[in-house]
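K.L.:
Residue strings, one per chain:
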Amino acid sequence: MNVRQISVFLENRAGRLASILQCVTEAQCNLRAMSLSDTSDFGIVRLLVDDVDRCTATLRDRGHTFNVTEMVALEMPDRPGGLNRILDAITAAGLNVEYMYAFATRTPGKAVVIFRFEDNAVAIPALTAAGYPALTEEQVRAL
Amino acid sequence: MTTPTSKPLSWAETLPRAELRALQSERLRAVVRHAYDHVPFYRRRMDEAGVRPDDIRDIADLAKLPFTVKKDFRDQYPFGMLGTPLRDIVRIHASSGTTGKPTVAASTQADLDVWAECAARALERAGSTPESIVQVSYGYGLFTGGLGMHYAAERLGAAVVPASAGNTEKQVMLMKDFGVTTLCCTPSYALQIAEVGAAMGVDMHSLKLRAGHFGAEPWTEAMRKHIEEVLPLKAYDIYGLSEVAGPGVAGECTQQSGLHFCEDHFYPEIIDPETGAPLPDGEKGELVVTCLSKYGQPLLRYRTRDITCILPDACPCGRTTRRIARLMGRTDDMLIIRGVNVFPSQIEDVLVRVKGVLPQYLITVDRQGNLDTMEIQIEIGNDAFTDKIKTLEALRADLQHRLKTVLNVGAKVKLCEPGSIERTLGKAVRVRDLRKI
Ligand SMILES: [Zn+2]
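Chains A and B are the protein sequences, given in the same order. In my numbering, each residue's number is its place in the first sequence (first place is 1) plus 1183. In my numbering, each residue's number is its place in the second sequence (first place is 1) plus 21.
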């Protein structure tokens, strides 16, 4: 299964980010990665957790607005220029990146980069052909 | 149906009360008969109430007639209230309705003549003459403010400067260069003009302004004092609503203590808003207006939702027409933002049409400088949510656009989490008005 990301609506009001993270804690989830995107009025918190179902159940109980999106996770050698080569491959394949973020793993020398493409059904085969197979949720968890 | 133009504008304002009453009764009989014969809506209403046109002989019989309310306009939208064939209608205005559809105000030429005459009286009461130069800085358009005062000034024989609202620096320039004597606009816009003028380095007290006719939004005696300090004019309150006509239905004289009602054409009653029972002069209640001379779109006992009272004593100016006090509020939840009427129900009507947006909202009205601001917090549910910022921004922009189209006034939309707008038991709090009016 592709990596699932939980995106949570963040109102521009004191204490809202803490409330979202509190849900992650209550669901006893490990936070693998978090990225925040915002405007002057509102934001979106993007979370990668080890148990998506438990985390979304808690978010739902607490009345947060959220959705779950399938992302494309690629393994990236944790050394200079690693990301550039992946981006070159994406450009060459004519894919549009909506947004992306990266995080280091527990395995030395390995990082994961997460992409949001408009259409995974187009992106995944193109990246596989370019030598960058998408990681499954299990593979990411094992890293 | 029309008024003789050979008489002075104000001839009806000094009639002995008995003569005025005879005139009112005569006009009422004719207009009720006309409404019954030509508007199926009124015929049905009167039949249901068991009232025949012949039962209405004197102005005192008015209380026998059923009320007309704003919702009736929506139910009869667009032309169900017309009392003449469309070919006799020469102008159609529209104001805010309580939902998406506007409230239609259609007039014959005779109706417009009556309105212009009444609004011209308002100018005259405050000392304007054919020598005056009147700048109309109300918006021109579907809103009755601009065109209403425009034709009033022409009727008076004054020179009219149809500036409309906006482009304030140019307004100041015209005022100064033309020697404008009379200003017509909302009271908050008058303050805006004064402020912009001062910032331009214009000595506002050197202007020839002598009278200002301000209405279309609530204001206070304190605001009057303030306007009279920053502009070299006397500030006069003017009242009107498009269902009845427009500005000029009532307006102050130089006494500045109550608005003379043009009661030869528009008959005012005050009722208890709970029971509908008429109240004696001097008691505070809801203003109800009957148009005694309007045939294009007859209006009988219209509940304005405005709260005021009819002043019981005679005005020292010598006019015999009764006066209403400055408006004291509303019996409904209508807001007036920059002179535009806004009903919270209009906002709800927009939100229920957008998928994923909850019908939970909170309107915050404030005033920054002299300009009203409106922010609408809207709760966003999972169905409308996406992980892409630009999609959410587009949703926000779309909501803002839809609301502006319906409300005719801009509002800033703020997206909120579900549950962030406080729910209270009973009536939901939909409006926070932080303006200190
Ligand atoms: Zn008077």
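Fair warning: there could be bad hints in the mix.
[Stated by the list, open to error] Computed beta-carbon distance windows for the label pairs:
hint, chain 1, residue 1, chain 2, residue 2, range
1, B, Glu-216, A, Leu-1214, 35 to 41 Å
2, A, Glu-1209, B, Gly-402, 20 to 26 Å
3, A, Glu-1209, B, Glu-304, 42 to 48 Å
4, A, Leu-1266, B, His-422, 48 to 54 Å
5, A, Leu-1270, B, Asn-403, 47 to 53 Å
6, A, Leu-1204, B, Gly-162, 47 to 53 Å
7, A, Arg-1196, B, Leu-392, 22 to 28 Å
8, B, Gln-389, A, Phe-1286, 40 to 46 Å
9, B, Thr-385, A, Glu-1209, 19 to 25 Å
[As the list claims (entries may be wrong)] Quick list of in silico lysine-lysine cross-link-like pairs, DSBU-like style, CA-CA up to 35 Å:
hint, chain 1, residue 1, chain 2, residue 2
10, A, Lys-1293, B, Lys-409
11, B, Lys-425, B, Lys-85
12, A, Lys-1293, B, Lys-411
13, B, Lys-85, B, Lys-305
14, B, Lys-435, B, Lys-305
15, B, Lys-425, B, Lys-409
[Said to hold, decoys possible] Residues of chain B placed beyond 10 Å of chain A at every Cβ, according to the derived structure:
hint, residue
16, Asp-134
17, Val-217
18, Leu-332
19, Gln-389
20, Ile-401
21, Leu-436
22, Gly-440
23, Ser-441
Simulated from the structure, these hints should not be mistaken for laboratory data. Glycine is no exception: its CB is placed at the ideal position from the N, C-alpha and C atoms.
K.L.:
Confirm or reject each hint.
P.N.:
Hints versus structure:
For the hinted restraint 35 to 41 Å between B/Glu-216 and A/Leu-1214, the CB-CB distance of approximately 52 Å leaves it violated. Checked against the hint of 20 to 26 Å, the pair A/Glu-1209 and B/Gly-402 passes, with Cβ atoms roughly 22 Å apart. Checked against the hint of 42 to 48 Å, the pair A/Glu-1209 and B/Glu-304 fails, with Cβ atoms roughly 60 Å apart. At roughly 39 Å, the beta carbons of A/Leu-1266 and B/His-422 sit outside the given window of 48 to 54 Å.
For A/Leu-1270 and B/Asn-403, the hinted distance range of 47 to 53 Å is not satisfied, since their beta carbons lie about 32 Å from each other. Between A/Leu-1204 and B/Gly-162 the beta carbon distance is about 51 Å. The supplied range of 47 to 53 Å therefore holds. As the Cβ distance of A/Arg-1196 to B/Leu-392 is approximately 25 Å, the hint placing it in 22 to 28 Å holds. One distance hint, 40 to 46 Å for the beta-carbon pair B/Gln-389 and A/Phe-1286, holds here, with the actual separation near 43 Å.
Range check, B/Thr-385 to A/Glu-1209: about 32 Å between beta-carbon atoms, so the 19 to 25 Å window is missed. Distance restraint check for A/Lys-1293 and B/Lys-409: the Cα-Cα separation of roughly 28 Å lies within the 35 Å cut-off, and the hinted pair is therefore satisfied. Using a Cα cut-off of 35 Å, the hinted pair B/Lys-425 and B/Lys-85 is violated, with the two alpha carbons roughly 41 Å apart. A hinted pair counts as satisfied when its Cα atoms are at most 35 Å apart, and A/Lys-1293 with B/Lys-411 qualifies at roughly 31 Å.
Our distance criterion of 35 Å between C-alpha atoms is met by B/Lys-85 and B/Lys-305, whose separation comes to about 21 Å. With a C-alpha separation of about 38 Å, the suggested pair B/Lys-435 and B/Lys-305 falls outside the 35 Å cut-off, and the hint is violated. Restraint check for B/Lys-425 and B/Lys-409: the C-alpha separation of about 25 Å stays at or below 35 Å, so the hint holds. At the 10 Å boundary, the C-beta of B/Asp-134 stays outside the reach of chain A, the nearest C-beta of that chain being 50 Å off.
In this structure B/Val-217 is separated from chain A by more than 10 Å, as the shortest Cβ-Cβ distance comes to about 27 Å. No beta-carbon of chain A is positioned within 10 Å of the beta-carbon of B/Leu-332; the least distance is around 48 Å. Distance to chain A confirms B/Gln-389 as a non-interface residue, since its nearest Cβ pair spans about 17 Å, more than 10 Å. Against chain A, the non-interface label of B/Ile-401 is violated: not every CB pair exceeds 10 Å, the least being about 6 Å.
Its beta-carbon lying about 5 Å from the closest one in chain A, B/Leu-436 breaks the requirement of being farther than 10 Å from that chain. Not every beta carbon of chain A lies more than 10 Å from that of B/Gly-440, the smallest distance being close to 5 Å; the non-interface claim is violated. A Cβ of chain A approaches the Cβ of B/Ser-441 within 10 Å, the least distance being about 6 Å, so the stated non-interface status is violated.
Violated hints, in rising order: 1, 3, 4, 5, 9, 11, 14, 20, 21, 22, 23; the structure is consistent with all others.
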